[in-house]
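If you read the sequences in order, they're chains V and G.
Residue numbers for the first sequence follow my numbering, beginning at 87 and rising by one.
Residue numbers for the second sequence follow my numbering, beginning at 87 and rising by one.
Check each hint, because a few of them may be wrong.
Derived Cβ-Cβ restraints for the label pairs, each shown as a range [what the hints assert, rightly or not]:
id, chain 1, residue 1, chain 2, residue 2, range
1, G, Glu279, V, Gly256, 49 to 59 Å
2, V, His200, G, Glu515, 44 to 54 Å
3, V, Gly327, G, Pro445, 55 to 65 Å
4, V, Gly256, G, Ser195, 32 to 42 Å
5, V, Ala184, G, Asp95, 19 to 29 Å
Reference excerpt, derived from the structure (chain V facing chain G, CB under 7 Å, subset only) [stated by the list, open to error]:
id, residue
6, Leu175
7, Gly286
8, Phe394
Derived by calculation from the structure, the hints in this document are not laboratory data.
In this text, all values refer to a predicted model and were calculated from it rather than measured experimentally.
For glycine and all other residues, C-beta sits at the position ideal for the given N, C-alpha and C.
So you can see what is in the structure, the chains are spelled out below.
Number of protein chains: 2
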Amino acid sequence: MTGPTTYFDPTHLDELPAKTADLVRRRIAVLGPAYRLFYREPVEFVRGERAHLFDRDGNHYLDAYNNVPSVGHAHPRVVAAIAEQAARLNTHTRYLDAATVAYAEDLLSTFPAHLGNVMFTCTGSEANDLALRIAKVATGGTGVIVTWNAYHGVTTEVAGVSPSLVGIEGLAPWARAVRAPVPAADGGADIAEAVRATLGELEILGLKPAALLVDTVFASDGVHPDLPGLAEAVAAVRKAGGLFIADEVQPGFGRLGSEVPGAQLWGFERPGFGKLGIEPDLVTIGKPMGNGHPIAAVVARPELTAAFAARSRYFNTFGGNPVAIAAAQATLDVLRDEDLPGNAARVGRRLAEGIRSLPFVAEVRGSGLFLGVDLVGPDGTPDEGFTLDVVDAMRQRRVLLATAGSGNTTLKIRPPLPFDHADADRLLEELAAVLAGRR
Amino acid sequence: MTGPTTYFDPTHLDELPAKTADLVRRRIAVLGPAYRLFYREPVEFVRGERAHLFDRDGNHYLDAYNNVPSVGHAHPRVVAAIAEQAARLNTHTRYLDAATVAYAEDLLSTFPAHLGNVMFTCTGSEANDLALRIAKVATGGTGVIVTWNAYHGVTTEVAGVSPSLVGIEGLAPWARAVRAPVPAADGGADIAEAVRATLGELEILGLKPAALLVDTVFASDGVHPDLPGLAEAVAAVRKAGGLFIADEVQPGFGRLGSEVPGAQLWGFERPGFGKLGIEPDLVTIGKPMGNGHPIAAVVARPELTAAFAARSRYFNTFGGNPVAIAAAQATLDVLRDEDLPGNAARVGRRLAEGIRSLPFVAEVRGSGLFLGVDLVGPDGTPDEGFTLDVVDAMRQRRVLLATAGSGNTTLKIRPPLPFDHADADRLLEELAAVLAGRR
Chain V
87 MTGPTTYFDP THLDELPAKT ADLVRRRIAV LGPAYRLFYR EPVEFVRGER
137 AHLFDRDGNH YLDAYNNVPS VGHAHPRVVA AIAEQAARLN THTRYLDAAT
187 VAYAEDLLST FPAHLGNVMF TCTGSEANDL ALRIAKVATG GTGVIVTWNA
237 YHGVTTEVAG VSPSLVGIEG LAPWARAVRA PVPAADGGAD IAEAVRATLG
287 ELEILGLKPA ALLVDTVFAS DGVHPDLPGL AEAVAAVRKA GGLFIADEVQ
337 PGFGRLGSEV PGAQLWGFER PGFGKLGIEP DLVTIGKPMG NGHPIAAVVA
387 RPELTAAFAA RSRYFNTFGG NPVAIAAAQA TLDVLRDEDL PGNAARVGRR
437 LAEGIRSLPF VAEVRGSGLF LGVDLVGPDG TPDEGFTLDV VDAMRQRRVL
487 LATAGSGNTT LKIRPPLPFD HADADRLLEE LAAVLAGRR
Chain G
87 MTGPTTYFDP THLDELPAKT ADLVRRRIAV LGPAYRLFYR EPVEFVRGER
137 AHLFDRDGNH YLDAYNNVPS VGHAHPRVVA AIAEQAARLN THTRYLDAAT
187 VAYAEDLLST FPAHLGNVMF TCTGSEANDL ALRIAKVATG GTGVIVTWNA
237 YHGVTTEVAG VSPSLVGIEG LAPWARAVRA PVPAADGGAD IAEAVRATLG
287 ELEILGLKPA ALLVDTVFAS DGVHPDLPGL AEAVAAVRKA GGLFIADEVQ
337 PGFGRLGSEV PGAQLWGFER PGFGKLGIEP DLVTIGKPMG NGHPIAAVVA
387 RPELTAAFAA RSRYFNTFGG NPVAIAAAQA TLDVLRDEDL PGNAARVGRR
437 LAEGIRSLPF VAEVRGSGLF LGVDLVGPDG TPDEGFTLDV VDAMRQRRVL
487 LATAGSGNTT LKIRPPLPFD HADADRLLEE LAAVLAGRR
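Please model the entire structure based on the sequences and the hints provided.
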């Protein structure tokens, strides 16, 4: 379980406005204590468009956090596609559906040719769970290697490879987390070296590796788009009989920006990855795939789905149903038609530059509209309390952000992709004001 | 992996009409070989209403299979609720949302008071996975007992307790399937006796039981709404420190019928269960919850969610998002306003009576609009080939059915709940004609 973050603390219920306190109280009564609310003062939104959200009183928030409504909140083309298909029919993948086949073909055309199959799920958790099932069947191995503060989802299987959720001590017996990417000062290791050491440990235990599973932007590890040593780590895993699974649930669908309109949707294709020649065996995609409608998928080498099919049939009741496919097709169409990957590259670059000039900023990493901003406190060292205060001060100024990384000293900036230059300017202005107030 | 069933066999591709063959070929190329299509001749639907489906050529099918669009295909109130909310906003449960809290309260009001919390997921698989995570944390046990041909979903964890998917040999090391409900002639045992024996085995192995997990209508085991010995089995599990999880993904939301309008939505509340005084510790719900929109949930005793929350926070990106909640609220409203549980009781009773009078019918079990019909072949014994032929002959007559049970000798009848007397008459007429043709 991760440490303190910008969640509401229920012991402070009485400090909230009466109407908010009442709703929070009713919510805790029915949803129970495992659910969290963002921010010291939770917020209730009622309407959204592009990167903008509005609360019940009409207050206007800038959304620099939500990566799921990736082509913009309530995008009219996606909404129309959902409404139109829902009004006609919503069944499942055991009947033929021409639109499902067409979407699968369209989606696969954005991947390298060796990734020729797609299997639909509803959530990124289910996609990672299925990818691990496939990898284990195909390799005969069980060992899975992830990074130090990885998050891959909430099913039992993938919670077991998500140290950011369950802690290192909560990992599954067959899972290992490498101390990367972690700053060397905090005991971090080069990922190639760390993976090789872990493979040696697995071998001693007689655990055959099934896969190295990484988020290609290392989001929960603090956003590290270019990780030296990764190609070497992948080669070592392959040599030991394991596969490389690219978790594109967060970085995928153009968020990392593209200089070529619509051409580069995936983290593993970025120059920082691509020049390394790393091509994944399995890719998982999700969150932004239907702009908020539940749909996710595993993209795989056909040899792997064949190995899986020899052992098990596959069906997911809602996975890739006609309404989900309509949402996903409209989302992909909008992404290309509005060249949102290009916008992400342009606006992200300017935003990163602007942030670099602010006080308390130690480093800005990232790509496109996925930025990790390392802050330092007044004494010049990383400071969790300081960073969380900044996030909450920004929320008070109606700009939504979060933190990334195990230490909660990195700001995570990850807005809907129609985030434009005016939005970037508003974010910069408010962040400058918040940081200036801390000198 | 289950045996032959009414799936399309790709080696017969060339026997299909050319246009169908082309689409099937393209589908296999992109979705891979783990996906299955229903029927020897697959079908493509383009529109639906109530219990009726229409293919591309305007042919009119009677749907006696699909339990997900439970209040009827493309129900206008559900469609309007989805469209309206999607056009305004779709976020997640880390912001406040009054409608989410109101739906949770409404839903919980249909359960016994001790089941006071609900946690939202996207799929029944995720709900069963989460219920097992909660049960294991709360009891400190790991053993899970299920029935002989149970199906509880597709994540790694719940596939490991789904013998109908992975076979008895594919069960997780901590899972056990009891030989019930299986006819005594096939080695079946009284469930109480079988569960006691399994608990004894677990004790010898040092495996503490976490839960007995059963579908309350034993759907994939062949539909057994009244299972003698179940109360005793539950008591034995509780005595050994385990919990009782009712999987209501298939029987729930009124499918089993109610004599009291809108009052009885759950399988564990049926007279056959209720008179036994069995109250579950955890309930999982899913499929019909949003009438096809992906939403599912775990309903739990608050002590159990508290034990879970002490170990882990909970968040599911799409689970219970505002559009999913709008779909679920509209579905629940329609279910009550149109008294579909009452309709299920009335029409189901008449349908069961009608089927009992047909040839080749050995037994009709069920409740409401969930019927299991044991067929026998011309020699008077259960006959898989005969039953599958009947299902395919019905599809040729445009009535959709499937099979249940490990032997595929039970017809499964499970239509959308607005199935009316005219629909029942059409089903009876076509089934009579198909069976008469086999004398």
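Cross-check of the supplied hints:
1. Glu279(G) <-> Gly256(V): 49 to 59 Å: violated (37 Å)
2. His200(V) <-> Glu515(G): 44 to 54 Å: holds (53 Å)
3. Gly327(V) <-> Pro445(G): 55 to 65 Å: 57 Å Cβ-Cβ, so the 55 to 65 Å window holds.
4. Gly256(V) <-> Ser195(G): 32 to 42 Å: With a Cβ separation near 35 Å, glycine 256(V) and serine 195(G) satisfy 32 to 42 Å, so the hint holds.
5. Ala184(V) <-> Asp95(G): 19 to 29 Å: holds (21 Å)
6. Leu175: holds (5 Å)
7. Gly286: violated (26 Å)
8. Phe394: At 6 Å from the nearest chain G Cβ, phenylalanine 394(V) passes the 7 Å test, so the hint holds.
Of the hints listed earlier, those the structure fails to meet are numbers 1, 7, in rising order.
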